[in-house]
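Chemist: Sequence:
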Amino acid sequence: RVHQFLKDTEGTYLSTNTYDIANNLPYKIELEGIVANGEVFQSYYFENPTDGRITEKLTYAKLYEPFNWIVASGIPYEDIYSQANKLYARNKSILALIYVIDFILVVSSILAYYLFSRKKSIEERERVANEKNEIKTEFIENMSHDLRTPLNAIVGLTQIARNNDLEKSEVQEYLYKIGISSNYLLTLIDDILDISALEEGKLSIKTQPCFLKDLIYPISSFFYLRGSEKGIKFNCSILFISQELILCDVYRVKQILSNLLSNSVKFTEDGGSVELFISQKQIDIKHVVMEFEVKDTGCGIEKDQLDNIYSKFVQADKNIKSEYGGSGLGLSIVKNLVDLMNGKINVKSKKGVGTSFIVDLPFEFVDKKTSTNDILAGKGIFVIDDKKSCEHLQLICKELNINCHYALDYTEGYNKIKENISNNVTYDYIIVSLSLNDIDVMKMLPQINELINHDTSTLLVCDYAQELFDEQFRSYYLTKPIFKSTFVSVLENIESGCLINKMDLTKEKDTVEGFSVLLVEDNKINQLVARKLLEIRKASVDIANNGEEAYNLFIEKGDNYYDLILMDYKMPVLDGIESTKLIRESNLSYAKKVKIYAMTANTSSRIKQECLAAKMDGHISKPIDVSLLTKLIIDLNNKKSKI
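In the numbering used here, the protein residues as written are 6 to 648.
Hint data in this document are derived by calculation from the structure and do not stem from the laboratory. Hints should not be assumed to be uniformly reliable.
To be verified - Okay, the calculated beta carbon distance ranges per label pair:
| no. | residue 1 | residue 2 | range |
| --- | --- | --- | --- |
| 1 | Lys207 | Ile288 | 28 to 34 Å |
| 2 | Glu369 | Thr431 | 43 to 49 Å |
| 3 | Lys636 | Glu139 | 41 to 47 Å |
| 4 | Lys393 | Pro214 | 24 to 30 Å |
| 5 | Asp564 | Glu172 | 49 to 55 Å |
| 6 | Ser122 | Lys393 | 55 to 61 Å |
Model, not experiment: these values are computed from the prediction. Built from N, CA and C at the ideal position, the CB exists for glycine as well.
Can you build the whole structure from these sequences, using the hints too?
Modeler: So, in structure tokens, the structure goes:
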């Protein structure tokens, strides 16, 4: 067969078969993948296949354009010196083989890219997994340390307190510190459980009506005392609060604020300050946004560390761990809870200056209609407190048509009151804060007390912790921060003569004589603890060691004997769930009315739902919170008294 082309070793086409090329290839065509002497050449352009010399030029063919392919294989053409200087090719045009080669090349490229990408992905996953393992390992080590630290204090101080040679005051101090260590341990365990529930999506928000004062007072009182122990000034200010009754998850909102305030107190040194600012903005006829700002003068956070503060198991600065301690869970829980409530959280911080966290939470409010009482209109009030508190109280007084004047320290206040008295100007109420620290309030307050005429003026002292209240001042007590509802209620009760004893304002009757409790608990130590807590409040207590004994005692005592049954969840013989079912299904008419509360160390939502399904009335977590148990029996006893 006649050759198709002749090519020299320089890559120049010496001759072609014009007829054969013309029949197989169009004039001026791009050829892809010519194989000549085992070498693949990509895209050669023929200038003119009729002139006898064809120069190859490298181009890049486009796959979607029509083209033809040839495969040329041949033998060297030797000259008289036996040197191979030409290639004599005689193959005819084919398509299939080149398509296969091209397909293999494309697939190989894709496969190579996929394998490369997969390798990088595996390496990245391994890196992330190793990083997470390192974080978790460090977290477990930290948890071991954080769990053992309070346990060491509890065990050690308990052994010391058993020493009979100790003074009563020393024993009280040790017991107080044991309580602090126990509460820290409990908080740590709760944080771990909450993180687990948040990761599994099992933590939900449960709203109920709540007065803001019931939410804020326990928090402000606790952190005021905690700050005082460390030499930190604590202040809580409220402003623009128009709706005091809101629907919220009280426990979770307290958890958010407590975590933020706890961090502020922890990272603020003696002489510093921690402040909680609370304001409200109504966004429509049913909803408000509460803004909580926690501000401190603590160590602050570096700007490049702010992105890490909400990561679980991680603290912004690892050096903080050795100096201040902590698990690094608090802010992660706060962020997750804020997100669950459809809220927002922002942080501002400067190293060495302090930190400010601002949390915005939306709530539905309950529009509580209040009766307009003009009994306070036209009254005169003089306030001695810090500027924010005075301005807040002045706004309340303006709404109530009360004349309000104030001073920002005791000396100024004393002098103004004295001057006004000399000018025959008297005030119906004089409100003095115990939390101003410009001078010793205990020295100045008696002077103010002696100055005023108690026949025409009433003295009220306000503070965050009632422990500092002293009856010798012949005054009433207001809890800070002062909410409008509290302020109005106290003044109206004083005006109407309902508050005969000064301390009736804040002290509830905390004994429940005649209140009968059936305590169902298999652990002897837990029996002792619960029994003593109840007997301190003058309640009468019967004990059952398991659910079967509880059922038999309930039937034996008969109708209306027990006011409350505290039922352990997990017990031998018969557990709390089955015992409750037996009691509810018994023939006694009182069986469906008696209050039954579960007691369990398992606080999961599944256990709580199981208790409610068994027709229990509520749930008390172990270890027992004394204040919650006290409130429960007092509330039940008060309802019993009204029947």
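Chemist: If any of the earlier hints don't hold here, list their numbers in rising order.
Modeler: none
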